[in-house]
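Asks: One-letter residues, chain by chain:
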Amino acid sequence: MQLVVQKPGTLITQKDECFRLKNRDDRLDLSPLKVESIVISNQAMISSQAVVLALEHNIDVIFLDGFGDPLGRIWFSKMGSTTLIRRKQLEAANNGVGLTLVRDMIRQKLENQSRFLKKLMHARPGREDLFRRPVKTIEQETEKLALADQPPETVGGHIRGLEGASGAAYFQCVSKIMPKKYQFEKRSRRPAGDPFNAALNYCYGILYSQVEKACILSGLDPYVGFLHTDDYNKKSLVFDLIEPFRIFAEQNAVYLFTGRKMKDEYFDMSDGGVSLNKNGKPVVVDAMNGHLEESVRYRGRNVKRRHIIRHEAHRMANLLLADEDEDRPDWLEIQEF
Amino acid sequence: MAVLTWVIYDIAENKPRTKVAKECKKAGLIRVQKSVFLGKLEWNRFDELGEKCRSLINEETDSLYLFPFSQEDFRRVQVLGQGFDKKLVNDEVLAQFF
Numbered sequence: 001m002q003l004v005v006q007k008p009g010t011l012i013t014q015k016d017e018c019f020r021l022k023n024r025d026d027r028l029d030l031s032p033l034k035v036e037s038i039v040i041s042n043q044a045m046i047s048s049q050a051v052v053l054a055l056e057h058n059i060d061v062i063f064l065d066g067f068g069d070p071l072g073r074i075w076f077s078k079m080g081s082t083t084l085i086r087r088k089q090l091e092a093a094n095n096g097v098g099l100t101l102v103r104d105m106i107r108q109k110l111e112n113q114s115r116f117l118k119k120l121m122h123a124r125p126g127r128e129d130l131f132r133r134p135v136k137t138i139e140q141e142t143e144k145l146a147l148a149d150q151p152p153e154t155v156g157g158h159i160r161g162l163e164g165a166s167g168a169a170y171f172q173c174v175s176k177i178m179p180k181k182y183q184f185e186k187r188s189r190r191p192a193g194d195p196f197n198a199a200l201n202y203c204y205g206i207l208y209s210q211v212e213k214a215c216i217l218s219g220l221d222p223y224v225g226f227l228h229t230d231d232y233n234k235k236s237l238v239f240d241l242i243e244p245f246r247i248f249a250e251q252n253a254v255y256l257f258t259g260r261k262m263k264d265e266y267f268d269m270s271d272g273g274v275s276l277n278k279n280g281k282p283v284v285v286d287a288m289n290g291h292l293e294e295s296v297r298y299r300g301r302n303v304k305r306r307h308i309i310r311h312e313a314h315r316m317a318n319l320l321l322a323d324e325d326e327d328r329p330d331w332l333e334i335q336e337f
Numbered sequence: 001m002a003v004l005t006w007v008i009y010d011i012a013e014n015k016p017r018t019k020v021a022k023e024c025k026k027a028g029l030i031r032v033q034k035s036v037f038l039g040k041l042e043w044n045r046f047d048e049l050g051e052k053c054r055s056l057i058n059e060e061t062d063s064l065y066l067f068p069f070s071q072e073d074f075r076r077v078q079v080l081g082q083g084f085d086k087k088l089v090n091d092e093v094l095a096q097f098f
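In order, the protein sequence lines correspond to chains A and B.
The first sequence begins at 1 in my numbering and counts up by one.
The second sequence begins at 1 in my numbering and counts up by one.
So that you can see chain A by itself, here it is in the shape it has in the complex:
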């Protein structure tokens, strides 16, 4: 299970080879065998022994900021796999392979978007008109992706442009199927301008830490990206690789609102922004975990969504390792609709 520490002033120590969480009025002992990750989203104290216990049991400790984005993690001091992968990754960033990968990722993302909209459309007979235009826009943008055979310097901008255009259409369409009071104008982050964006940002945050973990486990360097390159000290690869998986967070957020699971008291409104409060976070985290834990069809097998992310990261690593004249393995196959 995931252990989420969110009460301020919690003390995390180790006692008899178990984690002991203490607060003014609460105490919890938990065996490390049952914990998969520890997520700390508040002011807490953690003892070095507890950290060592976590490291020994391969549990990662993640620190979140107020928006739910991971700030950092405690992880063993080695990368998961061979350094050769990282060298190949750097090479790929400079030759065509990187761009091919980026194109694959963005194509998958756009396909996810249009498939998801179509799925929502089929569930709402009589309201098809709402969906037709946005789906068409996204499909057109997807076609333009194939034409992106331009010099490497301009491809990035081109891809970002069509990604933005389809994203705008997508989210406008999503907004229209929300309950009236939760409709929104556009995507917003830091701070979110409305409850939907606040919940979605939090789900993305959970996803980020999953994708980063998958990168590290498969030996990829989270800091060397292909589309989001050259940003100073940014986890560029994580931002690239999350694209095809964003759909998991989006589905979860959409279903939370259309299923009327979200209430006004889950959100705090403050200086122009909206954020999830301590009543809302458990609802969103529980739903997101449940969503990631669901099995869907993937390469002819039933696989949990959580594991799809790891499979694809491994595939990407293998693809980078393959020699140039060899047939590169195909990757990215997320078809659940």
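Hints are supplied without guarantee of correctness; some may be wrong.
Label-pair restraints from in silico Cβ distances [as the list claims (entries may be wrong)]:
{"#": "1", "chain 1": "A", "residue 1": "R189", "chain 2": "B", "residue 2": "A2", "range": "37 to 43 Å"}
{"#": "2", "chain 1": "A", "residue 1": "L84", "chain 2": "B", "residue 2": "L94", "range": "32 to 38 Å"}
{"#": "3", "chain 1": "A", "residue 1": "K186", "chain 2": "B", "residue 2": "R31", "range": "48 to 54 Å"}
{"#": "4", "chain 1": "B", "residue 1": "R31", "chain 2": "A", "residue 2": "R189", "range": "28 to 34 Å"}
{"#": "5", "chain 1": "A", "residue 1": "D271", "chain 2": "B", "residue 2": "N14", "range": "56 to 62 Å"}
Here are the simulated DSS-like cross-link-like pairs (lysine-lysine), alpha carbons at most 30 Å apart as the crow flies [said to hold, decoys possible]:
{"#": "6", "chain 1": "B", "residue 1": "K87", "chain 2": "A", "residue 2": "K22"}
{"#": "7", "chain 1": "B", "residue 1": "K25", "chain 2": "A", "residue 2": "K22"}
{"#": "8", "chain 1": "A", "residue 1": "K144", "chain 2": "A", "residue 2": "K180"}
{"#": "9", "chain 1": "B", "residue 1": "K86", "chain 2": "A", "residue 2": "K278"}
{"#": "10", "chain 1": "B", "residue 1": "K19", "chain 2": "A", "residue 2": "K15"}
{"#": "11", "chain 1": "B", "residue 1": "K86", "chain 2": "A", "residue 2": "K304"}
{"#": "12", "chain 1": "A", "residue 1": "K263", "chain 2": "B", "residue 2": "K87"}
{"#": "13", "chain 1": "B", "residue 1": "K52", "chain 2": "A", "residue 2": "K7"}
{"#": "14", "chain 1": "B", "residue 1": "K34", "chain 2": "A", "residue 2": "K7"}
No wet-lab data here; the hints were simulated from the structure.
Glycine included, every Cβ here is placed at the ideal spot set by N, Cα and C.
Given chain A's structure and the hints, the job is docking chain B onto it.
Replies: Relative to chain A, chain B alone:
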């Protein structure tokens, strides 16, 4: 493969009793009564816990049981009064908040 396990014991001396309780906790079992633990264990951990406890207790005076328990039967369990959280012992809680 993991199996739902009941550990039930009757141990005369304080010291080995505490040690057995600690071992159960370490293995990830949840205390449901004073001398009863319940939780999901990998099969090899099941054997491991049995061996550890064997070395702690006095086989002349004490008794300790490790019961594997099927999911089918667990569904029929009735919990009365101050009982345990069925989802928690069955590893169905995906996120624990504190």
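Asks: Next, verify each hint and record whether it holds.
Replies: To see whether the hints hold, each was checked on the structure:
1. Between A:R189 and B:A2, the C-beta spacing of about 40 Å keeps the proposed range 37 to 43 Å intact.
2. As the Cβ distance of A:L84 to B:L94 is approximately 36 Å, the hint placing it in 32 to 38 Å holds.
3. In this structure, A:K186 and B:R31 meet the distance hint of 48 to 54 Å, their C-beta atoms being roughly 51 Å apart.
4. Judged by the Cβ atoms, the range 28 to 34 Å given for B:R31 and A:R189 is violated: they are separated by roughly 44 Å.
5. Checked against the hint of 56 to 62 Å, the C-beta distance between A:D271 and B:N14 comes to roughly 58 Å, which is consistent with it.
6. Restraint check: the Cα-Cα separation between B:K87 and A:K22 comes to about 23 Å, which is no more than 30 Å; the hinted pair holds.
7. Between the alpha carbons of B:K25 and A:K22 the distance comes to roughly 17 Å, so the proposed pair stays at or under 30 Å and holds.
8. Restraint check for A:K144 and A:K180: the C-alpha separation of about 34 Å exceeds 30 Å, so the hint is violated.
9. Taken as a hint, the B:K86 and A:K278 pair is honoured in the structure, with Cα atoms around 25 Å apart against an allowance of 30 Å.
10. Of the supplied pair hints, the one linking B:K19 and A:K15 holds, its CA atoms being roughly 13 Å apart against a limit of 30 Å.
11. For the suggested pair B:K86 and A:K304, the alpha carbons sit about 23 Å apart, so the restraint of at most 30 Å is met.
12. At roughly 25 Å between alpha-carbon atoms, A:K263 and B:K87 fall within 30 Å of each other, so this suggested pair holds.
13. Using a Cα cut-off of 30 Å, the hinted pair B:K52 and A:K7 is violated, with the two alpha carbons roughly 36 Å apart.
14. Restraint check for B:K34 and A:K7: the C-alpha separation of about 29 Å stays at or below 30 Å, so the hint holds.
Violated hints, in rising order: 4, 8, 13; the structure is consistent with all others.
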